[in-house]
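J.: Chains A and B, in that order, are what the protein sequence lines are.
Just so we're aligned, residue 1 is where the first sequence starts under this note's numbering, counting upward by one.
Just so we're aligned, residue 1001 is where the second sequence starts under this note's numbering, counting upward by one.
No wet-lab data here; the hints were simulated from the structure.
Glycine included, every Cβ here is placed at the ideal spot set by N, Cα and C.
Each hint should be verified, as a subset may be incorrect.
Label-pair distances were calculated between CB atoms; the ranges are [said to hold, decoys possible]:
{"#": "1", "chain 1": "B", "residue 1": "L1213", "chain 2": "A", "residue 2": "L27", "range": "36 to 42 Å"}
{"#": "2", "chain 1": "A", "residue 1": "S265", "chain 2": "B", "residue 2": "A1204", "range": "53 to 59 Å"}
{"#": "3", "chain 1": "A", "residue 1": "V42", "chain 2": "B", "residue 2": "W1106", "range": "33 to 39 Å"}
{"#": "4", "chain 1": "B", "residue 1": "G1090", "chain 2": "A", "residue 2": "F248", "range": "38 to 44 Å"}
{"#": "5", "chain 1": "B", "residue 1": "Q1143", "chain 2": "A", "residue 2": "K109", "range": "33 to 39 Å"}
Facing chain A, according to a computed beta carbon distance under 7 Å, are these residues of chain B, among others [said to hold, decoys possible]:
{"#": "6", "residue": "D1012"}
{"#": "7", "residue": "A1031"}
{"#": "8", "residue": "A1034"}
{"#": "9", "residue": "Y1035"}
{"#": "10", "residue": "G1038"}
{"#": "11", "residue": "E1042"}
{"#": "12", "residue": "V1048"}
{"#": "13", "residue": "V1053"}
{"#": "14", "residue": "A1056"}
{"#": "15", "residue": "Q1057"}
{"#": "16", "residue": "V1061"}
{"#": "17", "residue": "G1063"}
{"#": "18", "residue": "Q1143"}
{"#": "19", "residue": "L1185"}
{"#": "20", "residue": "T1191"}
Non-contacting residues of chain A with respect to chain B, defined by C-beta distances greater than 12 Å in every case (computed) [stated by the list, open to error]:
{"#": "21", "residue": "T13"}
{"#": "22", "residue": "M24"}
{"#": "23", "residue": "T46"}
{"#": "24", "residue": "T214"}
{"#": "25", "residue": "A260"}
{"#": "26", "residue": "Y264"}
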Amino acid sequence: VAARARALLRPVTIAWLSFRIGAMAELQYRVNFFVQLFQSLVALGTALAVLALVFSHTPALAGWSPDELLVVVGVHFIMGGLIRTGIQPSMLRMIQDIREGTLDYALTKPEDAQLLVSVREIRIWQAVDVLVGAVVLGVALGRLQAAVGPPAALGFAAALLLGAVMIYCFWLILAIGAFWFVRIEFIVELFDGIYQAGRWPVTVYPGWLRTGLTFLVPLAFAVTVPAQGMTGRLNGRTLLAAAAFAVFLAAATRWLWTRALRRYSGASA
Amino acid sequence: VTRPSRPRALADFYLTVMRTAVQEQFQYRAANYAYTIGMVAEPVIYLVVWSTVARAQGGAVGGFTPGAFAAYYIVWTLVRTMNIVFTPYGWEWRIREGRLSAMLLWPIHPIHFDLAYFAGWKFVAIVLWLPIALALSLVFHPQLHVTALEAAVFAAAIWGAYLIRSMLLWVLGMVTFWTTRVSALYDLYFTAELLLSGRLVPLALMPAWALGLAGAAPFKWTFGFPIEALVGDLPPGRLLAGLGMQALWVAAGALLVALVWRAGVRRYTAVNN
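Excised from the complex, chain A in its bound form (with noise of 0.2 Å):
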């Protein structure tokens, strides 16, 4: 039993190692905190007055009142502090390998090689947006004086990771299409572009793109629906409709990831 336990464990364990690593070698450059923390505060100013732009000519956007948008911000800021923390480095470093033909090292380790290519790298200042978007958040709910209980906050955490989970499903997909086409580093401007939407509930956008930021692009379930977790929007139907959504596309990428494998041939070989 025990060491059915510790194989189970054996991918957690692979990630904890693999983040203390990376944290160590960018917690040997300081500055870069100050850094991060000007940027995000510049992006959180950015933010602030367009949505003070945005109400100065409209009491409510698509039923959402000004505090309840400071809702959808500092979900914005959370997620995109965990996309730039955890998953897009270590997508760009698994679509420079795939070029360079560096993608070998991992393939021939004795671990999974989708887990590893996923945790690779990591970026813990960038970890300073998560921060900026807990007090956004946190001043959100304050001013909105919305008595958020345990099942409210579990559904808001429930939604954030389901939302995380789907969003690195998404990057993955995208890296993987180095496989077929090599030089994608412009993805990288495609996403940060295709991001920003979600600045705004869905609920925003006509039909036909709401549908493509919700099933082509996951963005609705990764900030929209956690921020109506905390605005007191969120049913248990959404919420078990993003776990299936969740379950679908992990699935989908896992199927995809092992195609894609197969038209790797290397460079060094």
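Please arrange chain B on chain A, whose structure you already have, making use of the hints.
T.: Quick look at chain B alone, frame taken from chain A:
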């Protein structure tokens, strides 16, 4: 051997570099296309949000209907394309890798290469932009009434915008001669540009104090003015005055480039080559 006159030689240089840029960038049309599509997300978000506001306010906000917003933000995509110039982030690479050393040996100022190369690239970018503009128009139904004068002023103003932004970002990039910790400065610059240029929102929707600020800054001549020249109903006098302001900022930018270049290049020590 008779040497061609200086203006003639410069014109030859521009034509050659532009032709090279067209051929080179056309090879990377897929990457160019993906970049253009990624760029389109930004105006579509603004367009959707402001159209929602307009509808909530009974059909228009600050004189803009959803159709007018659609026209504004579709023309925006072309102006944004014209706004892409040599990035100030590229200067770090240029200096760190010693790329500038080779450029210093040229008998002409290196800015001519950037101006010519990116100008040539624009022709590829505009050709690739046309189907995107068509698709956006079919989806968002822009309301656009263009006079011949407006079209002519727009055609000139997008190149004015290109020149102004090229110069300003060159100056910003040259800060790297003095320090390589530039990301904070760049962030501030691009944020000010986003808010005060008309990129985020038509300047008419900004509060009065911000408008005053925008009037004093160069940014609106690279973004808001070209768009409004085409989609707004500016009288001929204001259209021509706008081109005049652009000419003024081109001259100011050229002067700044010359001054900063002269001071900065003395601090340059090649790293390799």
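J.: Confirm or reject each hint.
T.: Now for the hints, and whether the structure bears them out:
1. B/L1213 - A/L27: 36 to 42 Å: holds, 40 Å
2. A/S265 - B/A1204: 53 to 59 Å: holds, 57 Å
3. A/V42 - B/W1106: 33 to 39 Å: holds, 37 Å
4. B/G1090 - A/F248: 38 to 44 Å: About 42 Å separates the Cβ atoms of B/G1090 and A/F248, which means 38 to 44 Å holds.
5. B/Q1143 - A/K109: 33 to 39 Å: violated, 59 Å
6. D1012: violated, 33 Å
7. A1031: Holds: closest Cβ of chain A sits about 6 Å from B/A1031, inside 7 Å.
8. A1034: holds, 5 Å
9. Y1035: holds, 5 Å
10. G1038: Holds. Min distance 4 Å.
11. E1042: holds, 6 Å
12. V1048: At about 5 Å, which falls below the 7 Å cut-off, the nearest Cβ of chain A leaves the hint on B/V1048 intact, so it holds.
13. V1053: holds, 5 Å
14. A1056: Holds. Min distance 5 Å.
15. Q1057: Because about 6 Å separates B/Q1057 from the closest Cβ in chain A, which is inside the 7 Å limit, the hint holds.
16. V1061: holds, 5 Å
17. G1063: At about 12 Å, which exceeds the 7 Å cut-off, the nearest Cβ of chain A leaves the hint on B/G1063 violated.
18. Q1143: violated, 18 Å
19. L1185: violated, 10 Å
20. T1191: B/T1191 check passes; min Cβ-Cβ to chain A is 5 Å, inside 7 Å.
21. T13: holds, 35 Å
22. M24: A/M24 is indeed farther than 12 Å from all Cβ atoms of chain B, at 23 Å.
23. T46: violated, 5 Å
24. T214: A/T214 is indeed farther than 12 Å from all Cβ atoms of chain B, at 15 Å.
25. A260: Non-interface label on A/A260 holds, nearest chain B Cβ at 19 Å vs cutoff 12 Å.
26. Y264: holds, 21 Å
Checked against the numbered hints given earlier, this structure breaks hints 5, 6, 17, 18, 19 and 23; the rest are met.
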